[in-house]
Structures are given as structure tokens and as C-alpha cells.
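Novice: Residue strings, one per chain:
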Amino acid sequence: MTNLIPASAIGTAYERLDGELKVTGTAPYAYEQPVERPLHLYPVLSTIARGTVERVDTAEAEAVPGVLTVLTPETAPRLADTSDRELAVLQDSTVGYRGQIVAAVLAETPETARQAADLVRVRYAAEPFSAHLRADDPALYAPEELNAGTPTDSSQGDVEAAFETAALTIEQTYSTPAEHNNPLEPHATVAQWDGTLLTLWDSTQGVHAVKGTLAQVLGLEEEQVRVIAPHVGGGFGSKGMPHVHVVMAALAAQCTEGRPVKFPVSRQHMYSLTSHRTPTIQRIRLGAADDGRLTAMSLDIVEHTSRIKEFAEQTPAPFRMMYASPNRRTTTRLAPLDIPVPSWMRAPGECPGMFGPEVAMDELAAAAGLDPIELRRRNEPETDPETGKPWSSRHLMECFDLGAERFGWDRRVTRPRSVQEDGWLVGMGTASAVYPFMRQPSNTARISYEQDGIYSVQIGAADIGTGAWTALTQIAADALRVPIDRVRLGIGDTRFPAASVAGGSSGTASWGGTIIAAAHAFRADHGEHPSPGAATEADAPEDPEAQDFALYSFGAHFAEVRISADTGEIRVPRMLGVFSPGRIINPRTARSQFLGGMTMGLGMALHEQSILDPRFGIFVNHDLAEYHIPTSADVLDMDAVWIEDVDEHAGPLGARGIGEIGIVGSAAAIANAAYNASGIRVRDLPLTPDKFLA
Amino acid sequence: MEAEITLQVDGIPRTLTLDTRTTVLDALRDRLGVTSPKKGCDHGQCGACTVLLDGRRANSCLTLAVAHDGADITTAEGLAGRTPDGGLHPVQRAFLEHDGFQCGYCTPGQVCSAAGIIEEAAAGHPSGATGNLQTEGGIELTDAEIRERMSGNLCRCGAYANIVAAVRQAAEAAEERRGGAADPGQPAVVDSPTAASMPAHPEERP
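Chains P and B, in that order, give the protein sequences.
For this note's numbering, count along the first sequence from 1 and bump the result up by 29.
For this note's numbering, count along the second sequence from 1 and bump the result up by 138.
Because the hints were derived from the structure by calculation, they are not lab data.
Hints may be right or wrong, so weigh each one.
Pair ranges (Cβ atoms, derived) [claimed, not checked]: (1) B:G225 - P:Q201: 53 to 61 Å; (2) B:G225 - P:P57: 20 to 28 Å; (3) P:S560 - B:L202: 54 to 62 Å; (4) P:V649 - B:L202: 27 to 35 Å; (5) P:E251 - B:T158: 42 to 50 Å.
Coverage of chain P stretches by chain B, computed from C-beta distances (three or more under 8 Å per stretch; other residues unrestricted) [to be verified]: (6) 132-142; (7) 255-269; (8) 493-502; (9) 652-661.
Idealized CB from N, CA, C, for every residue including glycine.
Bound conformation, chain P alone:
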């Protein structure tokens, strides 16, 4: 147990400290960092899904005035470590997916680079490939473990026997499509060598992660790599680990005699080069007694991965801890396909993993004749069902109760397709949300007292829109017991001490907890009246007692849906999220995090799907005109509120992270509302109009 830091700046709704830079457009993102005489890179992507490059004819491209060179598998510099096949760009002639980099043009202007790339001729030897996810694929295999160290399978009790004898049963298959993160700032890297030192201005969720990976791949000492990213235009996971373009830019910059290379990945190219969320097929069985109490639950998941690099999303994770049942089982199998490499997208695991199960719970509520909230109340587990650990803070039902009152849940008509207004079928739905508390090791913060009476607080963290610039300043101010204008924060640069990636909703707790440790160490070393130049570094504090608890944030989503009885058009006039996230550092930016997650959940429910054509192995809808995300016109009355609770096991901040829980369960709430409105149960996302025209 840790003592929570007293709050003064913490809990105050400051406007974003980087806000003025953002609203004027003067915050420099990766591509915009000023560099001298840059060269521009444009890649040539493979047009086959599997095979080898037999020949690359660069003559015509190199004849274009302004072209410096065309890099091919034959001419590109060698990497030191090619074991990560996603990153081993231009190291051999094999093609592992359609849209892979097979050549790259370096030219004086972006226009010239692109023109020349179009003139590069590539001859391939194509091989048979597979790009079709099927639940009965004979190549399905069990990965060693899932993302975040999650066990692949789990089993307790006897699901089969309990299911056979259950009074109520639900047995259905649910599916979620592939999705693309699509941060508004496309991935971009600017690379420059100065002798043996490499500087990367990169759009990344973790400068130190990029430094470590690039040093490894290029065979450098970590001290030879500097990564800079003060402002990042969103990431949602796709900028969590460096993708191939970062290596490509660094490699190309070896051929320019010190001139910097700019590689802005185009929106279209992001669909193959910078990762996506795997589609999931979720076979669910729920068995329950007459009163709705679960006696058996099983979830069998099939996902895809790329044959060249495995990513196994931890989709069953929330199913294992959400509700009580003595008999429970999960399995996860992967189909290895010749496709681009999947990776993290906002709430990997929890986000798709709370779609099928939360719709299934709605189906069970209907079968039991219970209100969906009452069903969840009856299945509240006293301890974590899988581990038996006590909850550090489980306030799921308080979220439902507050939400029900605010949303007017009592006006919901239980029988589906009962309410019709002006040709619109109207309904309400709800679903649970959950996200685990994660605090990352490998964090260090440095605090120094400057000549001008300012405390300089440095940690190589990232603000990808989360509000870290502001929240970490607030935390540092309270930890040092000074006003926030006495704190100068430094993040987004590997010159600052090591910091974990902005992911897993862990940033504020991980970096903030480390800043608090450093502040305490600084005061212990230098007292309340330090001399200019006084400095202290400290590592992330350990909290071994946290291992003894199940630490999660919870929430409840409510949605109202209207479906045109004639056209199937579906609208979501109201959404409310109620969350129990521990302590809130900045209410203004926190609300934006919740609303942002819910908005992305609205997109997941209604719009988003990356369509992989199995005939070509290509995501066919690879731009924002065809991959639809929510627009202003889609978001109507949406609000998020929270119940603050004191979690003494969630570090000295008591903040469990808020970046992802908003998306978890939101699509299920909308699908459940759509059922209540229309009587049509849609089990595969997204909820497009055709599915309501049965």
C-alpha cells in the first residue's frame, strides 16, 4: 500500500499547457522539425502478397532530374539484425505481404520522389498465398502467449457438463472486423546522420522504445541514437512500436552524406506499413440458472496474424475476470496469413474482447427475463474469478446505477421493437467497460533546480494527445509542493531519462509515479530551498503489495439508438459513459480522453472495417474516404462522467489510467441498443444499415 500524494494542482481543470501551440498550429510535429536541405523519400510497395523480387529496374527513375538514388534489396545498406522481419527492410528479395517496401526513391523534392517511384519497374516471382481469415483454417495454431504476457488458454471447472445442464443457454458467434488506427498525423520520420550519431524526429508514442529498437536493428550503441518527439498527432497504438518506415528512413539517411531524409508515410501506405487491429471471431457459450446466475462460460477466439511476424491480441482477457462463474474456459488460436503485420490498437484485447461477451450478456438477460443491469448485478464476483485476488477497487455497479439514473434507463421498454417515432425505431442499450491498471517499470525522472528559480522536470515520456504535458506538470508541482508555473517539464526526447511507451493507459501512473519518487528524492537530497544546479534522478518506485490485488478500472456505457424502419440508417442520438478510474489528475483533459474513446467506439460500432480482399491480400478501402471514422455529424449528445475512488494500491497517484476504457464496451452498448430498437440482433460489426433490413 502506498500513501497517496496530497492534491493541489492535481484535480484542477487546467487548460492544456501546450494548447496555444496546438490551436495556432505552431507545435512542431515530426515532419515539421526544421532541418537543412532535406531529401525526400517515397517508397515502392510490392504488388504481390508472397514471393520474391526477381529484378528491380531503376534506370528510368534514376534518370529523372533531382533523383539522388533508388534503394533496392540489392543496393540498400545492410542492417545488423534482421530477425524482426517486419523491420528488415530491403535486406533480401522475399515478399511477405502486399504493400511491403521493395524499393525507395530519394530525391530533392517530394514531387520528384513520387514521380520517380512510379517509374521503378519491379519483376516478381509470385507464390501462392493466403489472406482469408477462416475459423476452420487447418493452419490455426496456439501462440505461446498473448500480448502483454496473457496466457493463451484458460480453464476452470467443467464447462461442458455445466453447459449441458444449465437452465438457460446462449451459444453464438460474434465477430469484429480488422481496423486501422488512423491517427490524424500520418506516421513520419526524419532521419539524419552526423558521423556515427543518428537523430530521428519521429512520430512515436515512445522515444526510448524507438531508440532501443533502432540501435538493435542498426547495430549501434544506444548512445548513438537520439529520438525527438515533443508533439505527436495521435497514435492509438500504431505508434507504440517502431514500424518499418523508421528503419527505412534511418537506412536511407546512410546514403546521403549527412543530409536529412524525410519519410512521411502516406495515408494509403499506412494501411500496409504501420499496423492494424486483427479481426476476431468469438464463439461464446453462456450457461445460467433460471435466476440468471452464470454456471458456465466459454470463449473460443480466432484471430489472424502475419506469417512474417506474430502478434497475438489478448482478446479473452476481460472475459476471464468480468463475471462470476464456477466453470469457465477460453482459447485463442491464430491464422498465419500473408498479410501486413497487425499490432496494438486502442485497448488491444479489452476492446474487441468486450464486444461479443457484452452482447452475449444482453442476450442472456433477454433469455432470463432480466434487466441487463440486474443480470450483471447477479454475476458480480467477490474476488477476481480467475486468480482469487481481492479487487483493489471494483465499482462497476455504482457506475451502472449512476448511469441508469442520469440516462433515464427506467424509460427503456424491455420488449424490443416497441418504440417507433416518425419512422424511426428507438431503443436503449447498455454494456460494461473494464481496463486493467498497468504501471510500467523502466522509468526514471530527473529534477534539477535552475538559475531562474524553476524546477526542471525531465522524463522521456510522450504526449500523443493525452494531455501528458499538462498532467505531468500538475503532478510535478504537487510532488515538489510548488505552483505549476515553477515547473518546466521536458518530455519527448531521449536526452531525458528513460520512460515507458504511452500505451496500456499506463503513462500517467508510470511517469507520474516516477516524477513523485524523484521529487521526494530531490527534497531529501536538497531540502526545500535548493541551490541552483541541484539535481536528483530517481527510478520508478516499486509496490510489491500491488501484486496481491486485482487492479482494474470499470465503467458502464449507455446508448440510445434510432434506426430508420425504411432504410436501416442507424443513428446514436445519445451516449453516456460512467467510469470508475481512480483519481483524476485533470478533469478537463480526462473528460476528453473518455469522450475520445467513446467516439472511437461509436466508429467501431457503426463505421469502421478494413476490408482485406483475399484474392489480392490488400486492404481495399485504404483511405479516409472509404475507411469511415466518425465525423462531427455522427456525434450527437455524448457525455462522460466518473466516480472518483481512492485506490491505495494504484501507486502514489491512485490513478488507474483513462486512455482506453472509454472505447471498451461502447460498441456492445450500441449493438444492444440497436437490438432493443429493432428486434434484430447483429453479432458482427459494424452495424451497417443492410443488417437491419432483414
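Please arrange chain B on chain P, whose structure you already have, making use of the hints.
Specialist: Same frame as chain P, now just chain B:
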């Protein structure tokens, strides 16, 4: 092929020789170092590159610079500092108060778009959400109007609820400054595009 053109960027004349394939957006970002407008898609699908081009909002990635010799371009950076007190544009102030952004990448485009729609509505330009197309004078920026008119500006962080609140506040303030009713003759902000400067609606052009 190259051409020499002059662009009036945020009030400063900038003469440059450029490849005729260069878009206004790339001319600003790559040639002039004006990086306030952002490149999110390069296909006119996201709106991050929105600027005020001769007083009207435009996707600067969709139009070639050579076609705009002599044009006046206002970016979000240029909108700031043009209020009587030299501070942020009221739209920008409202975005800060309502936290109408997270990562900030779409924000300069949102801000230019918002400044644009306030004047478009005052000038009586209808949108898909406008009920009565025969109304004389300005159109009230209801939430439905704001959402419709701002839907060309995507925000992946999902700040729409706050963006609409910010634009509503800025629109109400602009209307107040005009004295209650929308009046094209009273520009809300110095050098902001005005209803009077708006070219006629395409369907009304001769």
C-alpha cells in the same frame, strides 16, 4: 515545369518559384516553412489542411499553388494575433476553454473551418442541415448546423462534442458583436474573413 508565384500568407507577401505540381499545402509546408496547416491525407478527405483561401475555407492539399498566384491565404497561425488585443482568435480561445482537441493535429484545420463557417452562416450560405433555403439574411448556427458544416474536418481523437461546444460559443460571441442579429457588415475579428468578402454561393454565381 516551374513557375514563379506570389502568395499573401498570413499578411506577408511570399514570392517563390515552384514545381507546377506543388499543391498549396506543400508550397506552404515544404517551401515556405508555414506548417500550421497539416497534411492528414493529401486527398481532401480529412480537412487538416484547411486554410482560408481568399476568405473562404479550402482544402489546401486539393489545389495547385500555381493556380493561386496572388491569392490571400490565412492559416490558423495567422488568425491569431489579428484580434484587437493581439491575442488568439475567439475560435481558438473557445477551443482551449472547451478542450476541443487532444493531439492537436486536426486543430488548425478545425479552427480555420470554424472561423469560416461563422462567416458563411452570417452571409446566408445554407448547408445540408438548413431547413428553409428561402430565408433572407444570416443562418443561425444551431448544433445541427455546426455539426454538418464541420463534418469535413475529421478528428481521430474524437473531440467532436467539445469542438461543437467551442464553435457554438465562438458563433454566439460573434453574433453578439454584430449586435444580436447576423450582420455581414460587421466583421467579428479584424482580418477575419467577412460575409462581405465571401464570393457568391456557386449556385448564385452568374
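Novice: Hint by hint, say whether it matches the structure.
Specialist: Verification of the hints:
1. B:G225 - P:Q201: 53 to 61 Å: 57 Å, holds
2. B:G225 - P:P57: 20 to 28 Å: 21 Å, holds
3. P:S560 - B:L202: 54 to 62 Å: 60 Å, holds
4. P:V649 - B:L202: 27 to 35 Å: For L202 (chain B) against V649 (chain P), whose Cβ atoms are near 28 Å apart, the range 27 to 35 Å holds.
5. P:E251 - B:T158: 42 to 50 Å: 45 Å, holds
6. 132-142: holds (count 4)
7. 255-269: holds (count 5)
8. 493-502: holds (count 4)
9. 652-661: holds (count 7)
The earlier numbered hints are all upheld by this structure, with none contradicted.
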